[in-house]
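> Chains as they are written, first to last, in the working numbering: chain A, 1 to 674; chain B, 1 to 329.
You may find that some hints are simply not true.
FRET-style restraints, in silico, Cβ to Cβ [as the list claims (entries may be wrong)]:
1) 21(B) with 470(A): 53 to 59 Å
2) 154(B) with 121(A): 44 to 50 Å
3) 124(A) with 61(B): 48 to 54 Å
4) 96(B) with 585(A): 50 to 56 Å
5) 237(A) with 145(B): 47 to 53 Å
6) 470(A) with 157(B): 30 to 36 Å
7) 261(A) with 145(B): 30 to 36 Å
8) 261(A) with 65(B): 37 to 43 Å
9) 61(B) with 273(A): 38 to 44 Å
10) 525(A) with 65(B): 35 to 41 Å
11) 290(A) with 41(B): 58 to 64 Å
12) 65(B) with 192(A): 45 to 51 Å
Only part of the chain A face toward chain B is listed, based on derived beta-carbon distances under 7 Å [to be verified]:
13) 308
14) 309
15) 312
16) 370
17) 640
18) 662
No lab work stands behind these hints: they were computed from the structure.
Glycine is no exception: its CB is placed at the ideal position from the N, C-alpha and C atoms.
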Amino acid sequence: MLRLLIVALVLLAGSAPALADQSSPPRTVDYRIDVRLDVVKKELTGSEHVVWTNPSTDTVTDLWFHLYLNAFRSDRTTFFKESGGQLRGDYMPEDGWGWTDLKSIRLADGMDLLPVARFEQPDDGNGEDRTVLRVPLPQPVPAGGSIAIDIAWHAKLPKVFARTGYARDFFLVGQWFPKLAVYEPAGVRGRKVGGWNCHQFHANSEFYADFGRFDVRMTVPSTFIVGATGERVGADAHPNGTTTYHYVQDGVHDFGWTADPRFVEVTDTFSAARDVTQDEYRHTAVTLGRSVDSLRLSDISIRLLMQPGRTPQIARYLAAAKLAIKWFGLWYGPYPYRTLTIVDPPSDAPGAEGMEYPTFITGGTMPLLNWWPLSHVREPEEVIVHEYAHQYWYGLVASNEFEEPWLDEGFTSYSTGQAMELAFGTASTLIDLPFFKVSERDLLRLTNSPEHRFDRVRQPAWTYSPGEYPFYAYEKPELVLRTLEHMIGRQAMARVMRTYQERWRYRHPSSDDFYTVASEVSNRDLRGYFSQVVDAPGIVDYDVSSLTSHPIGRASAGTVGRTAPGGGEAVTAWRSKVVITRRGDVILPVQLLLTYADGKRERVTWDGRDRWTAITREGPSPIASAVLDPDDALPLDANVLNNGRRKSPDVRVASSWAARWLFWVQHVIAGAGL
Amino acid sequence: MTRWAAFSELRRGVGIAVRQPRLIAALWLWQLVVALAGTLPVFQWLRDTTALRPAADRLLVRFSLPDVVDAVRTTQGSPVAMWNAALSGSLLLTVVTAPVVIAATLDALRDAGGEPVNARTVSNCYWRLLRLTVFGRGTAIVAAILTAAGLALALRPLHDRSSSGVLLALSLAGAVAACIGAWLWAAVDVGAVAIVHGRVRGAFAGWVAGLRTVLRVPAFTLLLWASFAVALIGALLLLAAGIASLPATTLPLILLMAALHQAFAVWRVVLRVGVLSAEAGAWMCLWPSPLPTSVETTPAEPPPSVHHEEHPRPGQDGEREIDDREAGE
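Chain B on its own, in the form it takes in the complex (with noise of 0.2 Å):
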């Protein structure tokens, strides 16, 4: 029942982020803008050393790791610093608008009539929706790799054993730590839920309240990113096998490869939304209003399903915030 409930909330989450091309159109421009301003120092220092080089035509063949380094030493200063400073400045003005990014994407989906994202909804949130995705984020790939690291160390004695011993070390420490991470990561999701929908005041009562919702229905939400990931790594192989039918070694190839690289970007953000929108229903779903204060008195793993109908506003329907006090904090 939940295996099947998962997949279809993520069908439904999708089919619900297809039918809103504005919003996965404006994710994914913001995506490509910010990543585009740290990728045109790369690009303008790939020019600089390559193009009056004809030895660095062997990197339209393949990746070679001495050509890049010899470009590196014929270099004036640090293209190092260069490609760290885009990187982290991409990342840092990532982090910083997520909460905008997050919150409008929430709205959207909440009115999925079409109106327009509420601009006061997203300001009021931003503050805590940057200190949950922060903590939050931060928590679940921190708890992901000492889990991992954890295991790894415990299972060690399955190493001496045999070679099958070692792959059910490393499938279990990589198994758990996946789990850990998908759990953690969620959590911020519907936490984000939780606080856009104007059901909790502080972040990390978000926080908490997204937690509780997940340890509710682990399962559930196991198996949703599980679903998603199957479905992005199915489209990266299909991406990785159309590119390698056509290796990019003149502009146009080029160009049909960045073509083909948007592609799968678009699917991606739009996996993401569905997902997001899965996690909302089940938020919803179990959360109803009145709020549930204990877990007791809700039942265990109800199909999340909610997406037949909108979400309801702050305030609407009965719906009530959940003090800090309350979820913990």
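Excised from the complex, chain A in its bound form (with noise of 0.2 Å):
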């Protein structure tokens, strides 16, 4: 008997973690949904059966769906409003239109819910926009419980210009189910009272969903490759020439697919056991504070579908997603999924660029990266890294893109960054042409301008200046972050990130929740940082405003020292004044390097506090040159060219970029006038 109780007891303790693992995914939707693509028509006819289970303690009377589609539906939704019907540039073409529209809402009793639901427009009560739509329910659906919908729509695809649709004969099918929105309980990102967040379709944001099971059948023409998120189960011909392919994931919390008669199939594999070396563990081990063990990571299937005239390019995208693979999972965790689908859209396609869905991302390149010299511009390895980035910071960590999109893009990019850097150096990461490098931290300077002064990181997505999204959204935090790596430490950034990964996964966190996790794992308060850097619209500017020196001791002849500019005298002691300024808001200790004539060097810390300080020597030697930031700790200094001043002007970057100026003009005008 007792030994019975012990083994019941060790059961129990054994179970235990496994209840309370949150890295287990909460199944809080369940679809199971059969679509018919008409390739001709770019129609889809689908029908779905959605489970959702009630994760709050809350009775709810009502449910919320994205109805994205919708958002293609007329130049007067709000996307388009937005928008101004582009995204990067590429524009909606006038017959493009799509749009969804329901047939029936059906309970188990058959019961069609279609004649009382409403569309809302909670972020701007734009009465044109359907992209959202409210279900009031007959029964409220209790704490813990479930109810099961039945729905039937018909849907258009809308030519590619914005994230998904088709061109020619290729499809990128996004945003196309009716797709339950969030109900956040009470205490989630800060609620106080639980409800749903369910947010109309902008022209910056579209992802915020809950976690499940999605099993999805998809019936295309048999000429055409079908590409989607999670595992393929089946694939059953049909004898009218159309295939019905067979999808399952579970733990996602949304479902992309793609088909084109074109694509070239490449299917690879990431093996833990080749990708990655024993070095590489243990040096991730010893960096997070952990055991080998528990950084071994898992094989992914990869399936690439390239277009047939980049071909020249696989290997690179292979490449890529294996890096990807390797770093992100030794970094942030094992990504925790079978499958990897890459997507490779064509040319008249760009709107398809660069997107990410569970387990399916797409790509982007061109053709003219083939080859040398432009092979060495790495847009497309930059593309999948980026994506697959997003299985983290959205796929598993599933934060609001629509109300925080920093911790979505920003960590992307700050993630990106890293193994990029890592794969490729820290001087020509993005370009690396023989006379032209372009590396990471070019990137981000060029977009760090002190004009960004009116926006805050943390916002809305839909509220931000005209055309300041990708600096608030993608570059601004990451800045953010490197110069945090810089304030506690790269070991402790890469436990900080390990930490917040492993804790939020499957979940849904708020700005304030990496803010705890920051704190506590470096052991700062870091709230005042973020404070000023996320939550504050501050911009960080130091600069050396003036360098002085003046004599103040003289010898007469014979004495050892250094002749005053006049002559005469040799010159014994010289006063010299550095000013320093904060032309930015935010308020942080920088380090000032004072080098004097001599060679000597000093190193001086200034808290920042007051808008101005000055600095004064008195010695043998007069400072020659004073730089501030003179280890790069600050990535959000605006301007770099500030931060340091000397005495003695040097005009040899002057010279030598004028004389090259003078020979390009001088070719211009051999060209134009002989």
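Each chain sits in its own coordinate frame; assemble them with the hints.
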């Protein structure tokens, strides 16, 4: 009996962590979808059976759905008003409209809820926007209870210019099915009271959904090659020339798929044994303070659907995918799925490039990058690494892209930069042409202008000043995280990111949740930092405004010292004065490196609290130069050039680049003048 | 035959150019002076923004766009407008003076014996040459771009088939556009020869005459320009290799780099004069006096070697002017 009791206790003890294991995906939603693609009319006819389980202790009286294809319904939708009918410079063609029409929303007893369903516009009150549907329920769903709904719908895909749609025979099918929004219980993301979090489809944001299981059957003409989220579990060819592909995936919150008869299909495997060295395991284990065994990765099947005109880039795509799988797996935890599908959209579908869905991403490249020297432009690598990083920041840590886009795009950009720099070096991370190199840091500096002072990093994606979203969602967050890395050290930063990923995997964190993890793991109160650079629109810009030196001591001939500028007596002492200015609003401590004319160096730390300060030194040698942030520890600094000043002018840079300018102007003139 | 004729004509033309060091020096100096005028404001701006800033020293090692952008952000006013003004001013001056430079060059080539440039010939031709160069070269550039764009569009289906299809489409579009551009550019050169030699009255007639000449010897023209391009690109690669081996981080090395730049600029002038000389030779060979009025009466693709004798002046040796109407204007 005692033995039995011990066994029972051991089993309970063993099962307790499993129950509390936050890495187990919840199944809040369970979709079973059947869809048929009409490749001529570019239409979808679908039916879905969805079971929703109430994750809260509330009684829920309605369901909210995303009907995001309706963003392409007219030029009066919120997406169109915000975007002007374009995305990343790609414009909506005149005949490219798309929409979703629901046919029925039935309960298990057959009752159709469509007549009582209403379109809602929670973000802007735009009555022409039909991207959010609220369905009142005749019977509320109790806490922990479930409800099953059957929906039939018919949709027309838009011509792809923004994220989803078709281009000739290429289809990227995203945001295509009626998708349940997120019911946030009280306490989640700082909510006082539980409720639905459902936003309209915006120009700059589209993702926030709950985890669950997707079981999807897609019927397309048999000549088409299909790729989709999850694992293919079946393919049934029909006598009418169509085939139904069956895909299943658990632990995801969205489902995307593609079809194109021209795809060149390539399969490969990321092998944890072959593609990760023992040194890489050991080094990461030391950095993260974990055992090597706890970091072990799993094999992943990679399926690449490539355009025939870009097959020379297949190896680059696969290498980039393996690079990302390896490093993000080591840094943030293993990728929990068995497959990764990579899609290469054709040249006339740039709007489909660089998209992320769970276990399914799209690349971005162009045929010219097939060959030297443009093969050294690492656009395909960067896009693949970036979109794969979304598997962690959006896919697994499912932050709210609408309300806090930096937790999604910003973390992804930071991760991408880390992996790309590790693989390709810091000097020429993105472009490595013989006479033109561009690093990740270069790109960040280019975008980090002192003019960006009107928005905050942490604000809803549709509320940024015109044109400012990319900076505040992608670049500034990356700079914030890079600066944080310098503040707390690489090792602590790696542990912060790992802990944040593990603690919030399969959940919906807010910025505050990240602040908590960062402060806790680094053992520093970092809220002051985040409140300045994330929650407020402050910029960082330090400037060495002036550097002056005057002789203060002279000696007669024969005294060892320097000759005064006017000649005559030798100078034995100098008074040097450096004025430093804080041009930005953000207060951060900064280092100042003083270099004296005799080569001596001195480091001074300024707390940056005042708007400016003067540092005066008296000694036998004048200060020759003063450089702020000599270790590049403040990537957030919006102007690096003004970080230093020297006493004597140096015209080498001006001469060197003026000579080059002269050379090229001369050749323009030679071409036009003779 | 034609292939070797083009190459040997270019070589002969380069030989003639080399034997006229004063002409080459004058052309190079003129280009240098105009370019300097467009460079001085840039140098001043660079000096003002970088001389006292240690962070700018990165630019000695490699081009860094963010450092340039920081310098722009630090500047009061708009340096980009200043660059544009400097470049546009130099370009405008170049275009306006191009007729003088071309006429003087062709006149000097005709008088290979070393007679001074005939100022009257130059002034007589000015407006016609200006119209010819602006219209003709503008046409060449636009036609090349349109050809490339049109072919790229037409050959788009090749992109969908394979990577070699992409390569084929891009190569075809580029090659055909380059051919069109080279022919039309050469037509301007030959038109200028016709005008300077007093064989046509109007600018358009000159262009048509140039076009007719080029279309009579299309392979010769293409190979001539291809030889020019190869010689130029070869020199550019040598220059690039030289500069890469001498990182310009000190003032003496910067001066050495500038000297290498100028050596290349002189070589470019020599090559260009060589091309002009070869084109003038082709013209003289194809259209000996009396000038035929229809292409059927002239032999196709003759070896256009004429540099062994001086080109006759207008009115000499029975040479006559082509009337605009005769040339199709």
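> Now tell me, hint by hint, if it's right for this structure.
Results of checking the hints against the structure:
1. Distance hint for residue 21(B) and residue 470(A): a CB-CB separation of about 56 Å, consistent with the stated range 53 to 59 Å.
2. A beta carbon spacing of about 46 Å between residue 154(B) and residue 121(A) agrees with the range 44 to 50 Å that was offered as a hint.
3. Between residue 124(A) and residue 61(B) the beta carbon distance is about 50 Å. The supplied range of 48 to 54 Å therefore holds.
4. Restraint check, residue 96(B) to residue 585(A): a C-beta distance of roughly 51 Å satisfies the suggested window 50 to 56 Å.
5. Judged by the Cβ atoms, the range 47 to 53 Å given for residue 237(A) and residue 145(B) holds: they are separated by roughly 49 Å.
6. For the pair residue 470(A) and residue 157(B), the beta carbons lie near 34 Å from each other, so the given range of 30 to 36 Å is met.
7. The beta-carbon spacing between residue 261(A) and residue 145(B), approximately 34 Å, falls within the hinted interval of 30 to 36 Å.
8. The hinted range of 37 to 43 Å is satisfied by residue 261(A) and residue 65(B), whose Cβ atoms lie roughly 42 Å apart.
9. The supplied range of 38 to 44 Å is met by residue 61(B) and residue 273(A), whose beta-carbon atoms lie about 41 Å from each other.
10. Evaluation of the 35 to 41 Å hint for residue 525(A) and residue 65(B) yields a pass: the beta carbon distance comes to about 37 Å.
11. A C-beta distance of roughly 59 Å is found between residue 290(A) and residue 41(B), which places it inside the suggested range of 58 to 64 Å.
12. Between residue 65(B) and residue 192(A) the CB atoms are about 48 Å apart, so this pair conforms to the stated range of 45 to 51 Å.
13. With a least beta-carbon distance of about 5 Å to chain B, the hint placing residue 308(A) at the interface is held under the 7 Å criterion.
14. Hint on residue 309(A) holds. Least Cβ distance to chain B is approximately 4 Å, under the 7 Å limit.
15. The restraint placing residue 312(A) at the interface with chain B holds, with a minimum CB-CB distance near 5 Å, inside the 7 Å limit.
16. Given the 7 Å rule on beta carbons, the hint for residue 370(A) holds: about 5 Å separates it from the nearest Cβ of chain B.
17. Against a cut-off of 7 Å between C-beta atoms, the interface hint on residue 640(A) holds, since the closest Cβ of chain B lies about 5 Å away.
18. A least Cβ separation of about 4 Å between residue 662(A) and chain B falls short of the 7 Å threshold, and the interface hint therefore holds.
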